[in-house]
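Protein chains: 2
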Amino acid sequence: VLDAAEALFQAGGLPAASIEAIAARSGVAKSTIYRRWTNRATLLVELLVEIASKSAPVPEGKEAMAALRTELRLIGQSVNGPAGRLLASLASEAHHDPDVRTALLEQLIYPRTDATAKVIAQAQASGHIRPDVPPRLIVDMLVGPIFYRLLIQHEPVTERFVKQLFDEALEGLRPKRAARG
Amino acid sequence: VLDAAEALFQAGGLPAASIEAIAARSGVAKSTIYRRWTNRATLLVELLVEIASKSAPVPEGKEAMAALRTELRLIGQSVNGPAGRLLASLASEAHHDPDVRTALLEQLIYPRTDATAKVIAQAQASGHIRPDVPPRLIVDMLVGPIFYRLLIQHEPVTERFVKQLFDEALEGLRPKRAARG
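Protein chains in written order, with this note's numbering: chain A, 1 to 181; chain B, 1 to 181.
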């Protein structure tokens with residue numbers, strides 16, 4: 001079902017990925033689809049979560065700062081691919097469809113923000129990031145400029161941009177010398 | 001004409017602000033409207049530019065750092081009002097309407113980014129911001145997280161958020177002590 005949804009979205013964007021079309025392409029009955037997903041929004045956001053968890057997983061088992069740098073680099077790459085296109089479409093639809101808005105926040109944005117905030121808290125605990133800055137503010141400082149470029153499209157999200165963003169944002173978040181010594 | 005467009009948008013969002021409805025409400029003929037604006041997108045973006053230039057003007061005649069701080073505070077306030085709603089609607093429409101996308105970038109985003117980048121260049125010239133960081137990157141670091149919150153709506157844009165964002169972003173952009181001394 002998700003494969004069918006992905007193929008339809010790739011071919012014709014969100015309008016093409018209706019439950020009817022997904023049912024026809026996957027050979028799964030609409031009633032069966034609705035047993036698994038309450039509505040089209042939850043299905044499409046699950047597809048996005050699946051694509052994003054492959055193209056930009058939250059890195060695990062790494063030192064926190066390396067994990068953060070890797071995560072940001074992968075997010076930067078994946079906004080230029082299918083995950084970025086689907087996120088931009090769903091974010092735009094979320095503006096007039098409360099189901100899409102709820103699904104996007106609850107299935108993707110909140111869990112993902114929590115996961116990244118946890119890595120930031122580890123970096124704070126290990127003394128790499130100042131502990132007085134709220135982790136959620138840091139998440140938005142790091143990913144906000146990337147998604148701003150994705151959603152407004154005024155400038156491309158290049159690898160260089162993401163690297164500079166990470167370096168400059170972290171520059172001010174490093175513990176002060178005085179505090180360390 | 002712009003007043004009519006604004007009233008219609010406030011009452012019923014973008015769908016309500018059609019050229020037909022704007023013509024009917026303002027008493028100005030459609031042909032006259034089309035002589036002044038090539039399409040609906042340029043008219044609506046001009047309305048947004050007008051609202052934004054009142055609610056969050058680029059501050060002039062101030063010391064650069066104070067100007068930047070004021071600008072960010074006003075942007076933070078105005079995304080919670082009519083300017084924010086109209087920008088979010090147009091950004092979402094820009095995703096499938098190239099006219100809206102072009103109008104939004106050329107009439108609002110590019111000129112505004114240029115204006116803010118100019119103030120940042122002044123702050124770099126006066127030694128308040130490190131001169132090795134591209135001004136446009138700094139613009140996106142400052143406004144990106146605000147517009148990310150506006151467009152995804154996962155967290156409100158509070159005054160406290162904007163203040164912390166400004167302070168933390170600028171922290172790492174300050175010239176190093178060693179370089180000053």
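Note that these hints are calculated values from the structure, not bench results. Hints may be right or wrong, so weigh each one.
As the list claims (entries may be wrong) - Using 16 Å as the maximum straight-line C-alpha spacing, the simulated EDC-like pairs for lysine to aspartate or glutamate come out as follows: (1) Lys62/B <-> Glu50/B; (2) Lys163/B <-> Glu63/A; (3) Lys163/A <-> Glu20/B.
To be verified - So these bits of chain B aren't anywhere near chain A, every CB distance computed over 12 Å: (4) Leu2; (5) Ala7; (6) Ala11; (7) Ala29; (8) Pro59; (9) Lys118; (10) Ser126; (11) Ile138; (12) Gln153.
What you are looking at is a predicted structure, and each value in this text was computed from that prediction instead of being measured. By construction, the Cβ of each residue, glycine as well, lies at the ideal position given by its N, Cα and C atoms.
Practice item. Could you check the structure against the hints above and give me the numbers of any it violates, in ascending order? Key: Hints 1, 2, 3, 11 and 12 contradicted; others consistent.
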